[in-house]
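J.: One letter stands for each residue in the lines below.
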Amino acid sequence: MAKKRFLTAFGTGLALVMAVSGASAAGLSDGVLKVGVMTDMSGAYSDLSGPGSVVAAQMAIDDYGGKVLGKKIELTSVDHQNKADIAANKAREWFDTGQVDVIADLPTSSAALAVMEVADQKQKVTLISTGASTKITNDSCTPYNVHWTYDTYALAVGTGKAVVANGGDTWYFITADYAFGHSLEGDTSAVVEASGGKLLGKVRAPFPNTDFSSFLMQAQASGAKIIGLANAGADTINAIKQAKEFGITQNQTLAGLLVFITDINSLGLETSQGMMLTTGFYWDRDDETRAWAKRFRERHKNMPTMGQAGVYSALMHYFKAVDKAGTDDSAAVMKAMKALPINDMFAKDGYIRDDGRMVHDMYLVQVKKPSESKGPWDYYKVLRTIPGDEAYMSLDKSTCKLVKK
Amino acid sequence: MFQVFGIPIQALLGQLLIGLINGSFYAILSLGLAIIFGLLNIINFAHGAQYMLGAFIAWMSLTYLGVNYWVGLILVPLVVGAFGIILERLMLRRLYHLDHLYGLLLTFGLALILEGLFRQLYGVSGLSYPIPDIFQGGVNLGFMFLPYYRAWVIVASLSVCFATWYIIERTKLGSYLRAATENPELLQAFGINVPLMITLTFGYGVALAGFAGVLAAPIYQVTPVMGSNMIIVVFAVVVIGGMGSIFGSIVTGISLGLLEGLTKVFYPEASSLVVFIIMALVLLIRPAGLFGREK
Numbered sequence: 065m066a067k068k069r070f071l072t073a074f075g076t077g078l079a080l081v082m083a084v085s086g087a088s089a090a091g092l093s094d095g096v097l098k099v100g101v102m103t104d105m106s107g108a109y110s111d112l113s114g115p116g117s118v119v120a121a122q123m124a125i126d127d128y129g130g131k132v133l134g135k136k137i138e139l140t141s142v143d144h145q146n147k148a149d150i151a152a153n154k155a156r157e158w159f160d161t162g163q164v165d166v167i168a169d170l171p172t173s174s175a176a177l178a179v180m181e182v183a184d185q186k187q188k189v190t191l192i193s194t195g196a197s198t199k200i201t202n203d204s205c206t207p208y209n210v211h212w213t214y215d216t217y218a219l220a221v222g223t224g225k226a227v228v229a230n231g232g233d234t235w236y237f238i239t240a241d242y243a244f245g246h247s248l249e250g251d252t253s254a255v256v257e258a259s260g261g262k263l264l265g266k267v268r269a270p271f272p273n274t275d276f277s278s279f280l281m282q283a284q285a286s287g288a289k290i291i292g293l294a295n296a297g298a299d300t301i302n303a304i305k306q307a308k309e310f311g312i313t314q315n316q317t318l319a320g321l322l323v324f325i326t327d328i329n330s331l332g333l334e335t336s337q338g339m340m341l342t343t344g345f346y347w348d349r350d351d352e353t354r355a356w357a358k359r360f361r362e363r364h365k366n367m368p369t370m371g372q373a374g375v376y377s378a379l380m381h382y383f384k385a386v387d388k389a390g391t392d393d394s395a396a397v398m399k400a401m402k403a404l405p406i407n408d409m410f411a412k413d414g415y416i417r418d419d420g421r422m423v424h425d426m427y428l429v430q431v432k433k434p435s436e437s438k439g440p441w442d443y444y445k446v447l448r449t450i451p452g453d454e455a456y457m458s459l460d461k462s463t464c465k466l467v468k469k
Numbered sequence: 006m007f008q009v010f011g012i013p014i015q016a017l018l019g020q021l022l023i024g025l026i027n028g029s030f031y032a033i034l035s036l037g038l039a040i041i042f043g044l045l046n047i048i049n050f051a052h053g054a055q056y057m058l059g060a061f062i063a064w065m066s067l068t069y070l071g072v073n074y075w076v077g078l079i080l081v082p083l084v085v086g087a088f089g090i091i092l093e094r095l096m097l098r099r100l101y102h103l104d105h106l107y108g109l110l111l112t113f114g115l116a117l118i119l120e121g122l123f124r125q126l127y128g129v130s131g132l133s134y135p136i137p138d139i140f141q142g143g144v145n146l147g148f149m150f151l152p153y154y155r156a157w158v159i160v161a162s163l164s165v166c167f168a169t170w171y172i173i174e175r176t177k178l179g180s181y182l183r184a185a186t187e188n189p190e191l192l193q194a195f196g197i198n199v200p201l202m203i204t205l206t207f208g209y210g211v212a213l214a215g216f217a218g219v220l221a222a223p224i225y226q227v228t229p230v231m232g233s234n235m236i237i238v239v240f241a242v243v244v245i246g247g248m249g250s251i252f253g254s255i256v257t258g259i260s261l262g263l264l265e266g267l268t269k270v271f272y273p274e275a276s277s278l279v280v281f282i283i284m285a286l287v288l289l290i291r292p293a294g295l296f297g298r299e300k
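Protein sequences, first through last, are from chains A and B. Using the numbering used here, the first residue of the first sequence is number 65, and each one after it goes up by one. Using the numbering used here, the first residue of the second sequence is number 6, and each one after it goes up by one.
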């Protein structure tokens, strides 16, 4: 009994000692620059972000030499399970005791917004790559956040405008019934109407959903030329697959409003050919993207999605900014990030606005026919490069409190 | 045009047909669960994972071994059923003397492991299983375009459901099975190998899940989570039909599919809820389920 009590006391003491030494290490500007990748490691978005985003972050650290200002750069990652509460708690823990200086990726808008709020209180930097909502750079904008890869507005402008211009002037939406779906549907409707198109109707499908045949038939009955899919991931995949099965794609065209290259890969070209979509990155665009993607694929089984490429690009820029600012103080780093132009495999002359939007070119692409594809992952034809200033919502429309008007 | 609540009758017919297709999936899955629960008193939470396993094995045998759809339709349920038999022999058997809850926990854990394993191997976006050539295309019924494959799904699953019901309720073998549930010791005294019968019954129930998986593979994306999306609804179907009622699970499966189909027309936002609302109502009014008997 005495021995057991001794062990308990010893253990408690040891734990206390460790806790104290941990705390003292976190006190100063702590001798290490720590990057946290917060992402969906096993859920619906884990193929398009998840482990691939962690790989991209590690590549950025390695490519930067593993050190900044003579300090080591470390990487940690966590599965936020697409839940806002888990994400916010983990972020708080990372900032308070985990020495994390910057959080990257953040798929699922609700989780991204929750983490932004915590990071704002703690004055730490967030680099959102896979989160999509335009709220991130509008009502909920913070001085420590950059929205890197895309947003629902850019997708709507890219795909909506191009499809209407190609004669697809009547639309019917199949919308995932939650914040993201509504936002995507709203942004796209506005663009379609502004470009002279007409909305014939919409149906709000529960999320998640596997059988879309019923909703597809309602879309078919509407007689609209274009069926807009305001959903993502598995929902989009099943909707596209079943649209082909029900012969809908013979007379009507699908417009996938948020499609990642991993979705196309799992659907196959036979099913997805001809579809138009907007993306922030395509690996086979030029020599630089190809070289980077090749290195990525050596470490990860798939080609990079735009979200994963965005994580790499954002972190590289962040490291450069830390070097330039000479400190890891968030305000100084943010100032340097906004001052430096972004020129890498992801963006050419990209820049960060006051609202935190990283403005860069987007690409309108069309999925190739199986006969046009030369091999695995050769999926897109780039139809048009959409200049950054056209792709993203202009600053004077922004509702962000940081934008001076 | 004749309308019902502002919806053209033709559109309604189409939606009902789609409801019937989804209902036949519910029926075949809940039938497997009902057999396993009704005859063996095991709450098999791994049923969804076994359905997923069926779809994946179908995909793997087509992709790696070139096994076509028809062979897969026979072979895959056998493989999945064999997996069920091993599971029963090695693990579930040791839990029979304990509360139901232990079986539930074991199968739930197994479901998570299987799901995790396939997620690790293939990712979550899933894989595409092509529709067999013979079922390419469809027929225009006037009120809707019916893909041949969906028509086949109705035929296949209803025949399997009917055959299963017939074997259990109308044959000598079925009467042994039912006797084994009521009084295993007595039946054993007549020289019948009850443990073997239990193993095979469990295997059959699991094979049904595998069969549904193969049927589903060409329609839905083959993903590690396809089972967990389905299993909750299917459990609700079993509860509504009456735990363990063979006939009840078939009828309830189909009717809930139809009801869900109608909800998708009139109030799509509630279509994923409607099954659970019915479940709550049934539990309030008839706790043993629509076709169940109070014990």
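It is worth saying that the hints were derived from the structure and are not from the lab. Be careful, since some hints might not be right.
Unchecked claim - For each label pair, taking beta carbons as the anchor points, the in silico distance ranges come out as:
#1 A/437 with B/70: 52 to 62 Å
#2 A/315 with B/271: 54 to 64 Å
#3 A/229 with B/135: 41 to 51 Å
#4 A/359 with B/274: 41 to 51 Å
#5 A/436 with B/138: 22 to 32 Å
#6 A/95 with B/94: 25 to 35 Å
#7 A/314 with B/71: 50 to 60 Å
#8 A/134 with B/70: 38 to 48 Å
#9 B/290 with A/187: 33 to 43 Å
Stated by the list, open to error - Some residues of chain B that are not near chain A, with every Cβ distance over 10 Å (derived):
#10 76
#11 230
#12 278
Glycine included, each C-beta is placed from N, C-alpha and C at the ideal position.
J.: Each hint needs a verdict: does it hold in this structure or not?
T.: Hints and how they fare:
{"no.": "1", "hint": "A/437 with B/70: 52 to 62 Å", "in the structure": "violated, 25 Å"}
{"no.": "2", "hint": "A/315 with B/271: 54 to 64 Å", "in the structure": "violated, 26 Å"}
{"no.": "3", "hint": "A/229 with B/135: 41 to 51 Å", "in the structure": "violated, 34 Å"}
{"no.": "4", "hint": "A/359 with B/274: 41 to 51 Å", "in the structure": "holds, 45 Å"}
{"no.": "5", "hint": "A/436 with B/138: 22 to 32 Å", "in the structure": "holds, 23 Å"}
{"no.": "6", "hint": "A/95 with B/94: 25 to 35 Å", "in the structure": "violated, 57 Å"}
{"no.": "7", "hint": "A/314 with B/71: 50 to 60 Å", "in the structure": "violated, 30 Å"}
{"no.": "8", "hint": "A/134 with B/70: 38 to 48 Å", "in the structure": "violated, 56 Å"}
{"no.": "9", "hint": "B/290 with A/187: 33 to 43 Å", "in the structure": "violated, 57 Å"}
{"no.": "10", "hint": "76", "in the structure": "holds, 22 Å"}
{"no.": "11", "hint": "230", "in the structure": "violated, 8 Å"}
{"no.": "12", "hint": "278", "in the structure": "violated, 8 Å"}
Hint compliance for this structure: hints 1, 2, 3, 6, 7, 8, 9, 11, 12 are broken, all remaining hints hold.
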